[in-house]
Amino acid sequence: MAEGMLTFSPDDRYNAFLRTVSPARYGEGRLRGIPVAIKDNISTAGIETTCGSRILSGYVPPYDATVVSLLKKEGAAIVGKTNMDEFGMGSTTENSAFGPTKNPRDETRVPGGSSGGSAAAVAAGLVPLALGTDTGGSIRCPAAFCGIVGLKPTYGRVSRYGLVAYANSLEQIGPMAADVAHANLLMSVIAGHDPKDSTSLDAPYSHTPSMEIRGTRIGVPEEFFGEGVDPRVASVVWDAISLLERKGAEIITCRMPSMAYALAAYYVTCMSEASSNLARYDGVRYGPPADVRKPWHEAFQERRREGFGLEVRRRIMIGTFALSSGYYGKYYAKAQAARRNVREDFGRLFAEVDVIAGPTMPTVAFRFGEKSDPLAMYLSDILTVPANLAGVPAISVPCGKVEGLPVGLQIMGRWMEDERVIDVAYAYEQGANP
Amino acid sequence: MITEKDVEHIGMLADIAILRGELEEFTASFNRILEYFDILDQVTGEEKDGGAAVNVLREDEVVPSLSPQDVLSNAKETEDGFFRAPRVM
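Residue numbers (the working numbering), protein chains in the order written: chain C, 1 to 434; chain E, 1 to 89.
So that you can see chain C by itself, here it is in the shape it has in the complex (with noise of 0.2 Å):
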């Protein structure tokens, strides 16, 4: 196989990227020297891989993750680790123990998260491919403010062996690009079936995207534009939405009622699984050390109390709370019972429709420092946690802009049609720049 080197100096004025490779070695493939961008909480072997936290700092993976190993099987060539909210627990990255990223189209605001600095290397020019994970809006939140195309495949299609946990059941890695097609050709090389990965779905993606969308029938759920939706995003996206019924899409307005505590069962769901999850940080496996000369408690809570900032700490207390005795029945049964709601709303829209749409976000991004309380950051994750609750593929596709900033069009689609989703994105890309 012949083999090259490339050289990535990127003038990374945003604080894209927590590390870069260079030159970094690539191969050949489909993907033969192309740069790619990697999240930060994705295996790399030989790179230090952090997850934006202090208490990976100096962690390097001995393996790869399987996504990792599928682009350098293609030739792609890993050009370094991108910044994030530490362990993906944010929308803005502000919540990185490595400073926050800039957005680059006006860098006064936050690029969204928590793949933060995957769309803004994207989004800059730096790098034309990179890999965000999505666990409850993460790839399509700062896809959306930063004006590129990001797709949160459907759960199990793309293996997450390597992608250190957050929050199982509702991540899952996809890609990131300035347009539909490179997306698209992200999403065929990193999907497939991954013995390692046991919820991962014999699906291989092998795609073209098209335009055509006559006779598709749009869904749009009077939720998505309700309470808390910038009135111009709104405005914005309403538009897109009638581009594509100009391009003989038929437009059906729908209800999903369990969007009313939608966003509360995923939060109750993610924190749950974070505080199982991250309890592995002990200071002894990996990570700044604990004082093994005290007591196994103490150094553990000491080592946890340093490494971990507030949010995440925050996080995993509410989570253990919330599966502590007395107090699963209230939170963690409910939010089960309430994601169950979900997917049946999906699933009765589904047999009427063949994709939602709306917003990505409810409002343009946000200025540094403006979702300073959790809960008001927590709220702007409305409209994107759904599509992980049910596990069906979801993509945001530049749409338009407010006041200079970047709106995304969200298109929601059944449970394995990506490709579906794809297309819908595709045609209104296609349709919006002729």
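No lab work stands behind these hints, which were simulated from the structure alone.
A few of these clues could be false.
[Unchecked claim] Listed below are the simulated DSSO-like cross-link pairs for lysine-lysine, each with C-alpha atoms no more than 30 Å apart in a straight line: (1) K72(C) x K196(C); (2) K294(C) x K5(E); (3) K401(C) x K247(C); (4) K76(E) x K294(C); (5) K401(C) x K371(C); (6) K73(C) x K196(C); (7) K371(C) x K330(C); (8) K76(E) x K196(C); (9) K5(E) x K371(C); (10) K5(E) x K330(C).
Quantities reported herein were computed from a predicted structural model and do not represent experimental measurements.
Got chain C; can you put chain E on it based on the hints?
Just chain E now, with coordinates in the frame of chain C:
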């Protein structure tokens, strides 16, 4: 209503130390967030079957895995091929 004492207890359960100066803010944010979660009281029914999750098992066959050196490579304290941890007792 969660009290500062409750938060200290939760911190202990989660093995996360909380500094004195952090207690007030953690308690206030816990209460705001848990109050928001009360909307789940409206949800009827229970989820008993674990939702869409399915167990996928493979045959118990030996497959290649990381070497002990690789596994220990990120630990700061090791001894005779083991991790060294703080004492439990």
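Do the hints match the structure? See the list:
{"no.": "1", "hint": "K72(C) x K196(C)", "result": "holds (18 Å)"}
{"no.": "2", "hint": "K294(C) x K5(E)", "result": "holds (25 Å)"}
{"no.": "3", "hint": "K401(C) x K247(C)", "result": "holds (21 Å)"}
{"no.": "4", "hint": "K76(E) x K294(C)", "result": "holds (16 Å)"}
{"no.": "5", "hint": "K401(C) x K371(C)", "result": "holds (21 Å)"}
{"no.": "6", "hint": "K73(C) x K196(C)", "result": "holds (17 Å)"}
{"no.": "7", "hint": "K371(C) x K330(C)", "result": "holds (28 Å)"}
{"no.": "8", "hint": "K76(E) x K196(C)", "result": "holds (28 Å)"}
{"no.": "9", "hint": "K5(E) x K371(C)", "result": "holds (27 Å)"}
{"no.": "10", "hint": "K5(E) x K330(C)", "result": "holds (21 Å)"}
Of the hints listed earlier, there is not a single one the structure fails to meet.
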